[in-house]
Every structure is written in structure tokens, then in C-alpha cells.
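In order, the protein sequence lines correspond to chains A and F.
Residue 158 in my numbering sits at position 158 of the first sequence; the count goes up by one each step and never skips.
Residue 43 in my numbering sits at position 43 of the second sequence; the count goes up by one each step and never skips.
Errors might be hidden in some of the hints.
With the Cβ distance kept under 7 angstroms, some of the chain F side facing chain A (calculated, not the full set) [stated by the list, open to error]:
1. 7
2. 11
3. 13
4. 19
5. 24
6. 30
7. 57
8. 61
9. 62
Read the hints as simulated data drawn from the structure, not as lab findings.
Glycine included, each C-beta is placed from N, C-alpha and C at the ideal position.
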Amino acid sequence: MNEMTTLQPGTVQSPGTGPAITLGEGDGLDAHTRRTLLQQERAIARKYSSSGKAMWPYTVATLGCFALWLAFWPLAMLDIMPLWIGFPLSCIFAAGGYITSHEAMHSNIGRPGTPQRFWNEAVGEVATIILIFPFSMARMMHLHHHYYTNDPEKDPDYTDAAPGKYSAWYKTWLNRQPGVDGSIHHYKRVLERIGTPAAKKALRDTMLLQLFSMAFFFAMSWAGYAMEVALLWWLPRHLGLSYIRYWLSWAPHHPRTGTGRYDNTRVFKTWIGHWLSMGMQYHVVHHLYPEVPNHLTRSAYREMKPILEARGVDCSALKD
Amino acid sequence: MQTALRQLFHWMPFLFGIGFIAPLIAQTMAYWEIPAPFGISRIAFGLMIGAPWGLYATLRGRWL
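Bound-form chain A, shown alone (with noise of 0.2 angstroms):
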């Protein structure tokens, strides 16, 4: 393995001899380290960056799980598949949905020019339909965040900001609220600021599909289906929403004060673990490098981690 990619905690090597200078914590850091560091940085996000082949898994994952639940309709309507199993599942295709549209969102299923593109974007499309999340949207807002992380104005997601984990879990749900300039309220007024083709266009496709799935739940419910599109659609949409704020907005960006490269997320662990917090206790192996994709983030920091920590990353809280 190369030099530069095994770092051992607490040691920082330039290429070649081993530690040139010793180092203080964050800013102690002289021009040249700083430099070195980036270098030995990039090689590790290199090593773990996206290929466009080998991420057909989030495709079939979408396609698969968005098959299903369309399907979930019919079976049931006819009674042949009860509630109860539609329920669930649906709440977790709705929240899993988000992961596999961020990675979209970021190219990283298919970089312009390749191949794989087409199914980069018709990941995005499909992936938040149950959260009546268009991509365009999504993908604006999403970018508009890491230009502008934690900053109050430009952030879109700063309205997740919240003192505490009771207090955000409350805030996913008042955010929502008709009258609240929060979550996709807020996105629209941002779009609207921003003004641009792409803007109107990403306004155009919500409102879109916000009138196409009131129409359908209206249509629906009074066709005497509301018990199934409460259980397979506005409840998972609610219950998904809530955990992706939670998790992939508050979580990782608490106490949103940080707007640095190194301090504008934070490193923490959860008792929920890596999967059901969905890889966000290595988020800012994310916002360092986006073409990471997000089931590799874990193995991204732990090789970064000697370098985070010299550039004043707290990694107290994970110790692997």
C-alpha cells in the first residue's frame, strides 16, 4: 500500500521521510503541511472515489424498491397484500430513497459524458417521488448547501438548526407546517431568490408534482383507498422526511456554527449505528469529497482520520 495512505493515528507523514515538522492542532499548521496534508488527502478520496460501474447496486436498489412500491397499490386494493407489510416497507423505501438521490445528486452514479449517465438521472427522478421531492430540487438545493454550509442565509438546510435532538425532531415536523419558512417552503423561497432557468425549472417541477400527488391522494381517498394512501404514501412521506432531516441534516451538521472546510460538519457516534444513521457519523468525509459515495465514507475516514485530526478535526468520538 502507499505511503501516503497509511497514516497512523496521530502521526502525519509528508511524502518521503516521515514527519518534517511537528504539528499543532488546526490552524498551528504552516503553508507547506497544510499542503502536503491536502495532497495525502486527495490520494486517500481518490482511492475511494465513484466509478460509474461499480455503483449499479443504488440503480437496482431505486428501481427495484420504487417497483415495488408502485406495486403495493394494486395488492392492496385487492386485499392481497395487507397494510401492515406495505407500511413499513414503504416508510423505508421513502427515507433509503434520499440516499440514493444524494449520490445522484452528486454525479456520482454517472458523471456527464459517460454511459452511466441516463441512469444517474433517472435515479434522482425516481428516488424521492414518495417524498414529493423533485430532483431538480433537490439537487439545487443539495449543491447550494455544500457551497454554502452552515452559512444562515445561503444554507438551505440552516432552518434544521435546533439546540438539541428532541428540539430537532420537533423542528422536521414544524418545518412542515403551511405556515413555517422551513424545509421545501424555505426551498422555494431560495429558488425564487435564485431566479435562474435551472431555478424556475426545479419551482416548475414541484409545483408539478405537488398538484400530481394531491390529485391523486384526493382522488384516491374518495374512491375509498385513503387507509392506503395514508399507510403507503403520506405517512411514510412524513416519517421519512423526519428522519432524513434528522439524521442527514441535523445530525451531522449540529450545532451548525462551523463554516470552514474542516468545521462545518461534525464527527459523531450514534447507538443507532452506521447503517441506521445512514453512514452520517463519517459525514465529513462527505463534504470533503462528494464523489465519495456514501457506503464508502467509513472506510474513507478511517484512513483520513490522522489527517483530519491534524487539520483540528474533532475525531474524539470515533475511535475507528
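Following the hints, position chain F against chain A.
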């Protein structure tokens, strides 16, 4: 067109109360075999809950 759409979205919670909450209440009562009070139909009872609740959400900006 834009004004009409803005109005439609402004009143969406009210429409949601009528279009979704009312039939959901009626069908949930039917599932659990709960009769509507005062001899009215379940859907009328659902509308009596859903429409004012949606109106409240429209005017106050919150469902609760």
C-alpha cells in the same frame, strides 16, 4: 395563471382537509366499525372534522 396557482397552494390545507382527511376519518371509522354520532353518515362526520381542521391550518399556518 401564477396568481391562480398561488391561491390554489394557499388553500391547499383546506382542500387537503376535504380531499384526504375527511374520507380518511370516514374509512377509518368504517374499518373499526365505529358509527358516526347524531345519526349522520361517516363521511359527513369526516367532513365536519376535516374541513374546519384544514381551514384552521390554512389560516393559522399550522395543523396543530
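Which of the listed hints are broken here? Violated: hints 1, 2 and 6.
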